[in-house]
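Spelled out from the first residue to the last, the chains are:
There are 2 protein chains.
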Amino acid sequence: MTSEVVAPVQLDFSSPDFSAQLDSLLAWESVSNDSVQEQVKTIIAQVRKQKDQAVIEYTCRFDRRHLSSMSDLTLGADRLQQALDNIQPEQHSALEAAASRIREYHQHQHQQQSSWNYRESDGTLLGQQVTPMDRVGLYVPGGRASYPSSVLMNAIPASVAGVPEVVMVVPAPDGELNELVLAAAAIAGVSRVFTIGGAQAVAALAYGTQTIPKVDKIIGPGNIYVATAKREVFGQVGIDMIAGPSEILVVCDGQSNPDWIAMDLFSQAEHDEDAQAILISPDRVFLGQVQKSINRLLPTMERKDIIATSLNKRGALISVPDLESACELVNRIAPEHLELSVEEPEAWLPKIRHAGAIFMGRYTAEALGDYCAGPNHVLPTSGTARFSSPLGVYDFQKRSSVIQFSAEGASEMGKVASVLARGESLTAHARSAEYRIKD
Amino acid sequence: MTSEVVAPVQLDFSSPDFSAQLDSLLAWESVSNDSVQEQVKTIIAQVRKQKDQAVIEYTCRFDRRHLSSMSDLTLGADRLQQALDNIQPEQHSALEAAASRIREYHQHQHQQQSSWNYRESDGTLLGQQVTPMDRVGLYVPGGRASYPSSVLMNAIPASVAGVPEVVMVVPAPDGELNELVLAAAAIAGVSRVFTIGGAQAVAALAYGTQTIPKVDKIIGPGNIYVATAKREVFGQVGIDMIAGPSEILVVCDGQSNPDWIAMDLFSQAEHDEDAQAILISPDRVFLGQVQKSINRLLPTMERKDIIATSLNKRGALISVPDLESACELVNRIAPEHLELSVEEPEAWLPKIRHAGAIFMGRYTAEALGDYCAGPNHVLPTSGTARFSSPLGVYDFQKRSSVIQFSAEGASEMGKVASVLARGESLTAHARSAEYRIKD
Numbered sequence: 001m002t003s004e005v006v007a008p009v010q011l012d013f014s015s016p017d018f019s020a021q022l023d024s025l026l027a028w029e030s031v032s033n034d035s036v037q038e039q040v041k042t043i044i045a046q047v048r049k050q051k052d053q054a055v056i057e058y059t060c061r062f063d064r065r066h067l068s069s070m071s072d073l074t075l076g077a078d079r080l081q082q083a084l085d086n087i088q089p090e091q092h093s094a095l096e097a098a099a100s101r102i103r104e105y106h107q108h109q110h111q112q113q114s115s116w117n118y119r120e121s122d123g124t125l126l127g128q129q130v131t132p133m134d135r136v137g138l139y140v141p142g143g144r145a146s147y148p149s150s151v152l153m154n155a156i157p158a159s160v161a162g163v164p165e166v167v168m169v170v171p172a173p174d175g176e177l178n179e180l181v182l183a184a185a186a187i188a189g190v191s192r193v194f195t196i197g198g199a200q201a202v203a204a205l206a207y208g209t210q211t212i213p214k215v216d217k218i219i220g221p222g223n224i225y226v227a228t229a230k231r232e233v234f235g236q237v238g239i240d241m242i243a244g245p246s247e248i249l250v251v252c253d254g255q256s257n258p259d260w261i262a263m264d265l266f267s268q269a270e271h272d273e274d275a276q277a278i279l280i281s282p283d284r285v286f287l288g289q290v291q292k293s294i295n296r297l298l299p300t301m302e303r304k305d306i307i308a309t310s311l312n313k314r315g316a317l318i319s320v321p322d323l324e325s326a327c328e329l330v331n332r333i334a335p336e337h338l339e340l341s342v343e344e345p346e347a348w349l350p351k352i353r354h355a356g357a358i359f360m361g362r363y364t365a366e367a368l369g370d371y372c373a374g375p376n377h378v379l380p381t382s383g384t385a386r387f388s389s390p391l392g393v394y395d396f397q398k399r400s401s402v403i404q405f406s407a408e409g410a411s412e413m414g415k416v417a418s419v420l421a422r423g424e425s426l427t428a429h430a431r432s433a434e435y436r437i438k439d
Numbered sequence: 001m002t003s004e005v006v007a008p009v010q011l012d013f014s015s016p017d018f019s020a021q022l023d024s025l026l027a028w029e030s031v032s033n034d035s036v037q038e039q040v041k042t043i044i045a046q047v048r049k050q051k052d053q054a055v056i057e058y059t060c061r062f063d064r065r066h067l068s069s070m071s072d073l074t075l076g077a078d079r080l081q082q083a084l085d086n087i088q089p090e091q092h093s094a095l096e097a098a099a100s101r102i103r104e105y106h107q108h109q110h111q112q113q114s115s116w117n118y119r120e121s122d123g124t125l126l127g128q129q130v131t132p133m134d135r136v137g138l139y140v141p142g143g144r145a146s147y148p149s150s151v152l153m154n155a156i157p158a159s160v161a162g163v164p165e166v167v168m169v170v171p172a173p174d175g176e177l178n179e180l181v182l183a184a185a186a187i188a189g190v191s192r193v194f195t196i197g198g199a200q201a202v203a204a205l206a207y208g209t210q211t212i213p214k215v216d217k218i219i220g221p222g223n224i225y226v227a228t229a230k231r232e233v234f235g236q237v238g239i240d241m242i243a244g245p246s247e248i249l250v251v252c253d254g255q256s257n258p259d260w261i262a263m264d265l266f267s268q269a270e271h272d273e274d275a276q277a278i279l280i281s282p283d284r285v286f287l288g289q290v291q292k293s294i295n296r297l298l299p300t301m302e303r304k305d306i307i308a309t310s311l312n313k314r315g316a317l318i319s320v321p322d323l324e325s326a327c328e329l330v331n332r333i334a335p336e337h338l339e340l341s342v343e344e345p346e347a348w349l350p351k352i353r354h355a356g357a358i359f360m361g362r363y364t365a366e367a368l369g370d371y372c373a374g375p376n377h378v379l380p381t382s383g384t385a386r387f388s389s390p391l392g393v394y395d396f397q398k399r400s401s402v403i404q405f406s407a408e409g410a411s412e413m414g415k416v417a418s419v420l421a422r423g424e425s426l427t428a429h430a431r432s433a434e435y436r437i438k439d
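So the protein lines, in turn, are chains A and B. For what it's worth, our numbering labels the leading residue of the first sequence as 1, then goes sequentially. For what it's worth, our numbering labels the leading residue of the second sequence as 1, then goes sequentially.
Chain A on its own, in the form it takes in the complex (with noise of 0.2 Å):
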């Protein structure tokens, strides 16, 4: 049931509690349980153990279904090829314009990730070597967050890295499939997909069964328990962020129609009734507007409980002197989507710090971004955008440091190495450097 009033909470940059407040808005922490990681240590150490048999007796018993063989849980080429063409034609042809964009704008990333060297004048070469990952696994969630343009945002840049092999998992509840998910699978090139999913998904990625290939990365969002299993699994493969709710932060300097706000705003809270959307203004009038375009939407909106809980829980309006305090708070939020929905958004941009992906202008609406803009839509949340950045094709890179001493250098380094290595008590490596010194 809708609630009566959707009002998300407004604020004033100015008052004095303002700091407080802004806490209390952006507090999010994953709720750790210490039950859900004891069950995710058990499975683990099955699967460990156990390998394809641990996996098919906790498929049946989580996802409820009936077999005996891992070969029943494996879907090739030629069944997602036929997934592909038994979609709506119209939808095969978004996926595939959608993928084509995403490609092109990760080939550009690709290209600022190349492997360089320099020589010094002794003749000593200095570099990087820039080299994709040998095997990725993906995770893909089943039932109602499972997302074909999530498949071409994770697969896809793991390819343009030159990765040859992305193995997908995607669990099958009741035996039930999205054959879009499929479909994107096809468009991506993904290798091969096992119907697994939970825990025992990411365990079998990350040390490989008799059927499933150990990965070198797992990637993509999931439950508790694939979060927990990933956060376990970590150093044995590497893994992405784990993901917080989705979050907008909406600037805008009131010259946008209110109603395209309002629905930015509803793009983010339709996810799950902890998105977070904040639109930021310095015009009150305008904050004014938009509540009341909200009031008007709302009730035409598909998922409208939803978007309510969401903006009364964790929405805001947020009233600010000026465009330039706007910036501030930016920085502070380090939100994972900021739309700058402002005249001349180029001006503001040298401002923004820390933002995970930045839409600017008033026709950039978020949602373009999460389908078919090019950029990847896997965005760092809950104000990590701090220290992290987007799913990139360099996230399934890796650099190695190549180092050649001429004998002249080694000679002149060797007396530097010397000295600090018995600094700190290491006379193997002080010998070591001191063999390469010229008498």
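What the hints contain is simulated information worked out from the structure, not anything from laboratory work. A quick note: this is a predicted structure, and the numbers were derived from the prediction, not measured. Some clues are possibly wrong.
Heads up, the list lumps identical chains together, so a pair's fine if it works in one copy or across two of them.
Below, a list of computed lysine-lysine pairs in the DSBU-like style, where the Cα atoms sit at most 30 Å apart [what the hints assert, rightly or not]:
hint: 1; residue 1: Lys438; residue 2: Lys415
hint: 2; residue 1: Lys313; residue 2: Lys49
hint: 3; residue 1: Lys438; residue 2: Lys304
hint: 4; residue 1: Lys313; residue 2: Lys292
Given the structure of chain A, go ahead and fit chain B onto it with the hints provided.
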């Protein structure tokens, strides 16, 4: 006491059980310990609640100190400068020489990490903005493992990346501090030092206290409490990889001086009893010569007991049919340090896919890389070079996607986004995109 016999295990690539032998040689897993995890969780909770007061209490208890105020735990720039003034002039200039080369290499790396964008024919702009983090925390262990070189290697890339503030924590058990470590901090541009350690230091950096500022990322090695705390706060802040024991893999064509190679193996083995030193060669006679050098040189080493234990427990001499097979093994092992002590190492470089740092040619002792070659000595261990990279400037930067649609672009892409959003039942997304479609 030195072991009577120092005999790294001898393996043969062509033997039928080689693969299993190699797996067992490489097997390493940090001991997960529920009791440590419980203690760490308690410490973090206390520091979040009691802040400075908890940090002071834990420091008094664990580091056997007697103090009542955070000011007793804080070292400013003057104290660091004093350390720099008081160390031996030879050590001072060696530290400066190393810092200067490390800075230069990382400046080259920095040039690879710039913002970029491109414009499409309808005026739509896509790109990526690269920015430094605001504040980074560097953990430096106290006692035996306290290395000035690590301070340079961790702090300089952050400073080159443009991070305005690098905060360092280093425990002072019984009040003792390493002056070389403080001198290195002065050279590397560390802003402030707090003489605290353990999980309490990690918690203070992750959440902030009245005195200790909250950072965006925590880097640097530590014991099991520190590693567990870093894993626990991962997500609240960024962290670097959790390091395993150090390793070296030497590939030699048999033409290097066996004493040099033996000493290179020692230089890893002396780190600790779990360190791993492996030599691969197609020349069996040479493997025998290195074994003889090991026996002859070992008694002359200061850390002979550690070296002997490490080589007996985790060392190996591996015979391969040819250098091609050696490269195959390298990629399977994904070593932290790789020495290609061969003629024409550049011919083999393109075949190396997974290694933290590659030391090419007979003069490039790994020890030079530990101190002053320029590239970072913080490298992925335990096979994690399959998916991770040396510490670098990129670890202190993050990227924001930049998207600015023209009216035409938004109209065209709005149609694609609408189809895909409706396919995912996200109608607010669809309607937000549809608003931007022209009539």
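Hint by hint, here is what the structure shows:
1. In this homomeric assembly, Lys438 and Lys415 come within 30 Å of each other (Cα to Cα) only inside a single copy, at 10 Å, whereas the closest approach across copies is 70 Å.
2. Taking the shortest Cα distances, Lys313 and Lys49 sit within 30 Å of each other only across copies (25 Å), while inside one copy they are farther apart (44 Å).
3. When the C-alpha separation of Lys438 and Lys304 is checked against a cutoff of 30 Å, the pair qualifies only between copies, where the shortest distance is 26 Å, while the shortest distance within a copy is 78 Å.
4. For the identical chains of this complex, Lys313 and Lys292 are intra-copy neighbours only, at 18 Å inside a copy versus 72 Å across copies, given an alpha-carbon limit of 30 Å.
Going through the hint list in order, the structure satisfies each hint without exception.
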